[in-house]
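Undergrad: Spelled out from the first residue to the last, the chains are:
2 protein chains.
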Amino acid sequence: MPETTGPLDPPPGGLLVLPVPGIGEVRPGDDLAGRILACADLRSADVLVVTQKVVSKAEGRLVPIDPEDPAARRRLAEAEAVRVLRRRGDLVITETRHGFVCANSGVDLSNVPAGTAALLPEDPDRSARRLRDQIRARTGLAVGVIISDTFGRTWRRGVTDVAIGCAGVAAVVDLRGQPDATGRTLVATEVCLADELAGAAELVMGKAAGVAAAIVRGVSPDWLRSSSVRAEVVRPPAEDLFR
Amino acid sequence: MPETTGPLDPPPGGLLVLPVPGIGEVRPGDDLAGRILACADLRSADVLVVTQKVVSKAEGRLVPIDPEDPAARRRLAEAEAVRVLRRRGDLVITETRHGFVCANSGVDLSNVPAGTAALLPEDPDRSARRLRDQIRARTGLAVGVIISDTFGRTWRRGVTDVAIGCAGVAAVVDLRGQPDATGRTLVATEVCLADELAGAAELVMGKAAGVAAAIVRGVSPDWLRSSSVRAEVVRPPAEDLFR
Chain A
1 MPETTGPLDP PPGGLLVLPV PGIGEVRPGD DLAGRILACA DLRSADVLVV TQKVVSKAEG
61 RLVPIDPEDP AARRRLAEAE AVRVLRRRGD LVITETRHGF VCANSGVDLS NVPAGTAALL
121 PEDPDRSARR LRDQIRARTG LAVGVIISDT FGRTWRRGVT DVAIGCAGVA AVVDLRGQPD
181 ATGRTLVATE VCLADELAGA AELVMGKAAG VAAAIVRGVS PDWLRSSSVR AEVVRPPAED
241 LFR
Chain B
1 MPETTGPLDP PPGGLLVLPV PGIGEVRPGD DLAGRILACA DLRSADVLVV TQKVVSKAEG
61 RLVPIDPEDP AARRRLAEAE AVRVLRRRGD LVITETRHGF VCANSGVDLS NVPAGTAALL
121 PEDPDRSARR LRDQIRARTG LAVGVIISDT FGRTWRRGVT DVAIGCAGVA AVVDLRGQPD
181 ATGRTLVATE VCLADELAGA AELVMGKAAG VAAAIVRGVS PDWLRSSSVR AEVVRPPAED
241 LFR
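In the order they appear, the protein sequences are chains A and B. Residues 1 to 243 (my numbering) make up the first sequence, in order. Residues 1 to 243 (my numbering) make up the second sequence, in order.
Since the hints were derived computationally from the structure, they do not count as laboratory data. One thing to keep in mind: the hints can contain errors.
Per the computed footprint, the stretches of chain A lying under chain B, defined by three or more beta-carbons under 8 Å from a beta-carbon of chain B, are [what the hints assert, rightly or not]:
| id | region |
| --- | --- |
| 1 | 8-20 |
| 2 | 50-61 |
| 3 | 138-144 |
| 4 | 162-173 |
| 5 | 225-236 |
Ideal Cβ positions, reconstructed from N, Cα and C, are used throughout, including at glycine.
All chains should be modelled from the sequences, with the hints used to inform the complete structure.
TA: See below:
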């Protein structure tokens, strides 16, 4: 433990969650890593959480959509889906090519240029790896990267931010087999760290408008490893009791 | 903004998440508020997140269970449920009296005395209100309180901590109708703040063994208001596409 800690050092055993303001409007082809590095005072072992919207924009995942046609998003969502699980009016709950089950295949009309819709990144784990690699190449810093998006949930009102891609930080931490405090064995405690980190980041992004990234500082060094949302979080349909 | 900030002050726009270690083993009838206050350096406007396990123990929600009988938990879970949604072997996904849909009605065998099981608090919102009131009465501090538990999710592997009760902090923040950065209107952005706060707290509790509470410091003052998980988060079956 250092003798003195400053306000940007995590307290012992604790975490700091810091917004990254100032990234500004992102356009197709923009150097997103450069934009983030210009605004974020990153340190090694930080986890950088970046919202899907700016990743999709930088990657050019914008498509034209007729703003006058209320069914246009639904058709786009169906085209992005491998399966439609539920319909209610123009809302569809779909399974995307990535394996995510979410509303409207993640097709988003807010905070995008009028007459366009943002699609999810083609491979959000790859997007996270690319950001991580670019940050390492330019600064020498090894950070974890999470791409977050806002999903609804069954049985509970309100949306939360979850991880749709990650690199350099565990998506799921397996505490299976570690003894509990009474010495008996935990049966199943695979914690989806990446979703909790995405949600924590959303808390600071939700405090101000237009903040598209955040830093979580102070994560356990054990959690910083190679990983993937696709491999660790997406539940295969055969395992799933609700599909 | 203060001229100088210490390591236990949240940075501008950010959050601090602090573990509360040292609460120790909790037994039925224990003064949980007193135990927490002895270990936590609380400030007004903090959000205190307390795990269900210690709340259930303090409230005496422990029942005997035959540790040799693999079906004992399932039977207990069924007795605690108003409805069984799915079965897989001795795992049941149930709807509890509170309206939560979760594995085994939240009946928990880990970190409880051998031969006992912990049930969920009878009314976790009331448990949160009681803790908040006791903390205010003893210290004058107005804090938000969240009771958290560990739930699985559909479609995504790994568990996360969510709120089962709250007091003095918004469960769901309604951003509906606030214009997005392009000036258009957001359609539905009701964020389940309480679940994101519970997940953020879990991140610091998961870093060390035996930590049953955490503090989130720096939340937006707008979020500190009267609330209830039951009223704001539990989704009525009629609204639900998956039940």
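Undergrad: Three residues minimum, CB to CB under 8 Å: does the region 8-20 of chain A make the cut for coverage by chain B? Let me know.
TA: holds (count 10)
Undergrad: For the region 162-173 of chain A, count the residues whose Cβ lies under 8 Å from any Cβ of chain B; is that count three or more?
TA: holds (count 4)
Undergrad: Are three or more residues of the region 50-61 of chain A within 8 Å, CB to CB, of chain B?
TA: violated (count 0)
Undergrad: Verify this for me: three or more residues of the region 138-144 of chain A with a beta carbon less than 8 Å from a beta carbon of chain B.
TA: Coverage by chain B is violated for the region 138-144 of chain A (0 residues, Cβ < 8 Å).
Undergrad: Establish whether the coverage given for the region 225-236 of chain A by chain B is satisfied; the threshold is a Cβ-Cβ distance below 8 Å, and no fewer than three residues must meet it.
TA: Contact hint for the region 225-236 of chain A vs chain B: holds, 4 residues under 8 Å.
Checked against the numbered hints above, the structure breaks hints 2 and 3 and satisfies the rest.
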